[in-house]
Each structure stands twice: as C-alpha cells, then as structure tokens.
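S.K.: Given the coordinates of chain A, work out where chain B should sit on it, guided by the hints.
In case you want the letters, here they are:
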Amino acid sequence: MKESELELFQLLSTDSEKGLIRIYDIYRSEFINWCVKAYSTNEDDAADIFQDSVIALYYNIRSGQLTELTSSLKSYLFAIGKNTALKKINKQSKLLINDDVVRLSGQFEQIDHFEDEDKKKVVAALLDKLGEPCKSILTLFYFDKYSMESIANKLDYKNEHVVKAQKLRCFNSLKKMTLERFNQDQL
Amino acid sequence: MTPKEQIELFDNFINGNLSGDEKLAFEHRLNNDLKLKEEFDEYRLIVAGIVEHGAKGLKEKLKEREEYHRRSHTNTKMYYKIAAAILLVMVSTFLILKYAYSPNLESLYLKYYEPYPNIVDPLDRTGNSEAFSAYQLYELGEYDETIEKLSAIPDNIIKPSSLFYLGQAYMATSELEKALDCFQKVDDNSNYYQIAQWHIALTFLKLNDVEQVEIQLETIIEQKGDYQKQAIALKEEL
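Residue numbers (my numbering), protein chains in the order written: chain A, 1 to 187; chain B, 1001 to 1238.
Zero decoy hints are in this set.
Beta-carbon label-pair distances, calculated as ranges: (1) A:S4 <-> B:V1091: 41 to 47 Å; (2) B:A1083 <-> A:S4: 30 to 36 Å; (3) B:N1075 <-> A:V162: 45 to 51 Å; (4) B:K1077 <-> A:L179: 49 to 55 Å.
Calculated from the structure, these hints are not laboratory results. Cβ coordinates follow ideal geometry from the N, Cα and C atoms, glycine included.
One chain only, chain B, in its complex shape:
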C-alpha cells in the first residue's frame, strides 16, 4: 500500500466511507499491525490538529459575532441614554421657559381689574343721606356691609345689578369663589351680563387658573361684546 493509498484508507475510515466488511477488516489490521497502528496514530494526531485549527477559526468568527451583539446592545443602551438625556433637556427647557416667561398673573390682575363704579345709586355728595344703600356702601369701600345687605336679598328676587355688585364686593374682600358664583348667576339678558363675564375672567386670573381664564376669554371674544378688546389684550399677555 502506497502512502497515498494509506491516507485515503484512513480518510475513508474516519469519514465512514468504508463498507461494514471493509471497516471490520481495517480494524482487524489495526489491532494486529503495529506499524499500521503507529501510522494511524500519527494520522489521527494530524487530523485532530487540523480539526483544532478549524474550530479555532470558527471560534474567532463567533467571537466577532459576540462582539457585534454586545456592541449592538451597548449602542441600544447608549441610544436610550441619549434619548433620555435629550428628553430631560427638553423637559427642563420647557419648564424653565414656562416659569421664566410665564406672565405674572397678579400684576396682570392689577393691570386689568378696577372696582366697578357705583352707577346704580351714587352717593349724594351733599352728605344729606341718613341711611346708605348697599351700592353707596360699596362706593364708600364698606364691602362687608355691602355684602351684608346684598346677600340678604333672596335669590328669587335679587336683581342682576345686585348680584354683580355683590360679586364686586366679594372680589374686594378676596372671597373669590363667592364672587364667581355671583357673576355666573347674572342673567344673560341683563345689561350686567357682559361685565359679569369679564369679571369672571378676572376672578379666575386672581385664582391663578390660567386655563379657565383662557376659556372665559375665548367666550368673551366670540361674543364680540363690549369687552372683546380687553379680552384679546389679556389673552395675548397670558
């Protein structure tokens, strides 16, 4: 058997290409031929080394793949971190802008609010009045007494004017919820309706409820009444 034939025989044996009889015959020879056994052991070592080399090559490829997975994972984590950082900056900027540039509601209120003059029953400047009406007390700045008088009027007979001035007196004493209640009860057919609507907006402004202020201003603007211009101006300043 030539060296070439011997290697082919070994190849066929390890690759399972021998028939059953050929395999048995080869194994028999291996057990009885020391020289062949020695040659086969050398062959096995070389093949084992080649297989080791092949496995090592594959291992390098799989290691590269592992690195790829880890890089992808790291990149994904990094993208999330970047996204989170951007979001944080955006939120922070929004909050800073919101508070830094948000209007001072109190100053806006003082700018637009002024006690509505008493046009119902003005004071007699001669000073001859013996008993002041609720409206005169209002004009005198006696808001508690104004409230006492006007709030005593039963709901079913109270006039829109009384409701409006009662609301004004409540605003002056910072009883804002009560003021709102009064303004909202002013009948929409009344002459005091539009001014009451405007003061509803101002009351919400005093309450720092910007959302409600904006809704109320929209209502006033849509109604195109006497306070439309003021409503537009205030809305722009919010």
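Chain A on its own, in the form it takes in the complex:
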C-alpha cells in the first residue's frame, strides 16, 4: 500500500471528518468518470454511488471489519463502488441479481444486514425526533464506533461512566418509541 493511502487509512480510523473529506476529494473525479463509463450512469447517480461507497468504506474501517488493507485503499473503495453501482442499477431496473455477482471478496461487508429498509428509516427518524444528546451519543457509539471514553471527550462529559449511563437511557428511550411505533408482532 502506498504511504499516502496508509495515512488516509489511519486518518479515517482516527479523525472521521477529515479522513472522509480527503478521501472524497482524492478519488471523486476518477471514481465518477469510471462509474459513468463502466455503468453508463449519469454524473449525479455516479456521485450518489460514490458517496454511498465512501460511507460504506468508512463504516467498514470504523467497525473493525477492515483493520488492515491487503491491497490499495483505492481498490477497496472501487470494489465497494462496483457493488453499490450494481445494486443501484438493479434497484432501478427492478431485476433480480445474483448475490454472487455483488458479493464482495469477504474482506468487508455492507453497512448492515438488516433486511427491512423501511423500518430502519422509521427508527432513524425516531432518533432524529429524540434529539440531543441521544442522537450524538447513539450515533457516535453505533455508527462511528467511538469508545465511551472518546465520546466523553468529544461531547465534553465528565467521564465514560456518565456517557455509558446516558447512552443506556437514550437507547431505552429509542426502543420505547420504536415499540410504540410498531406493533411488536411485526418486528
């Protein structure tokens, strides 16, 4: 792996915002050109695919599914991009696609496996409604995969124990709202 890519990988592991923007800036143009040519998408769709791919790469790194790169960061990003593009095309054309075609090499996976997209979106909306500090604490813990100590530092809490207690309260509140929203039998 090139030194610059190693630095990017480490930056993404430690400083999410800076790492994301740098990756976006570095690979954007090449990715969009490639996507437009390879999958005959328009530029807007290619940018959308690229954004989803960068987010997936980020999540895979943060969640520990990608702890080290055996090939270049760019290769991983473009592999995710290929998968994302095929899924998008599949969704648009409403054709079934063989999972084998879109399955990545097994080194990393998509953001989550939860099957019901609509329910996921409802919970996301409920979290939005729940407001701060729950939004930040839960997102930092479950999406950005920050440790309790890191969340305490970032959100200026006294210590990780305070965050841990607050996170539990937030989770339970969100669970309560979710259960109220859905019929438990449907979950």
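M.R.: The following block gives chain B in isolation, referenced to the frame of chain A:
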C-alpha cells in the same frame, strides 16, 4: 440478566468484543431462547436505525462536499469564460483602435513624396535641344523613356545619380520594387545616398509596409543627415 446487562451483551456481540467461547455460548442461547431472540431482533432494528441515521448524516456532509466541487468547477469554468470575454474585448479594442486610428498611409505618402527635381541636366528653356537627355525626359514627365534610357546603362558603370533618377522614374510609374532596388544600390559615399535612403522609406510607405518604413526611418534618424527632421516627423505620424 438485567436489561442493562443484556444491552451490554448485545453491544459486545455486535462489536466483536466477546471471546470465542462467549460468542458460541451467546449464539447457542439465541437459537434456543425465543425471548432473547426477540429482544435481540428489537435491538438489531434499533441499531440498524441508528446506523441509518449516522449514514444519512454523513451523506449530507458528502453531498455538501459534492456541491463544493461542482461550484468550484463551475467557478473555474466561469473564470475561464470571463477571462476569455476580457481577452476578446481587449483584442477587439486593439483591432478597432489599430484600424480606426492607424494613419492613412497613402495620404502620408502624398504629403511627403514629391518628384525630385532634375538638377543633373535641366532643360534648356530656349527649346533649342534637339535630343533630350534621360534627366530632361524625367523633367518632362516622360518616365517610360527615362527608364528606357537609364536602365540601358550597364550596372558596372551606372552613376549614383542615374540610379537615383531611374528609381524616381520607377516610383512615378508605380514600379516600386524596381525603385527600391535602384535606391538601395546607390553608393553610400555618393551625394545621392541620403536622398536615396529617404526615398527607400517613402517607397516602403507606398508599399504599406509600416514595419520597414519604421526601420528605414530609424536608420535615417541615426545617421543624423539631411532628412533626419522629415524622418522624425513621418515617424511621429505613423
């Protein structure tokens, strides 16, 4: 197991913090404990929603970044367009000024050019001459005959005066290249050298070759001879 302990167990499971044995034990319980399975499914849905929320937040940031790139690209294109427009205006202005204010070369030529008088062999005003010399024919405006006579003189013996008047006759008949050739052959030790140099400038003027006119005028000005003042004046008018 308290609800708090259960969530911590679920957290540790999805975050990969359980040991191999702990993981196997948890998976075994999930397969055999319907209540736990139900609780875990609820947990997974909530976590999936939180992840969805996080991804959505990131997506908004990346969309903003995309807009930034497109704005930059548009701005760059706009700057190029503005630069091109400015350049076009400048070039157009230059061309307009160049042609609108460029001197009328023909009028300048007429202003400065006058047939050089015959001082070599003036006409006998009594009218007694039986045969006119080339210079007299020149004085009479018979330029073709002047050319016929003077051009017949071999190059190795032709005098500077003859070359000069031959050049004058060529100018009068608008054979400008030939006129130039004659003036340029006038020896620099001759009395006709300076006047020939001045007429070289005038011939270029007649040819509308401003660049050559300017070069020739510079030469005349540097020589500080009889035609320096005229050269300066003409140069200022160009």
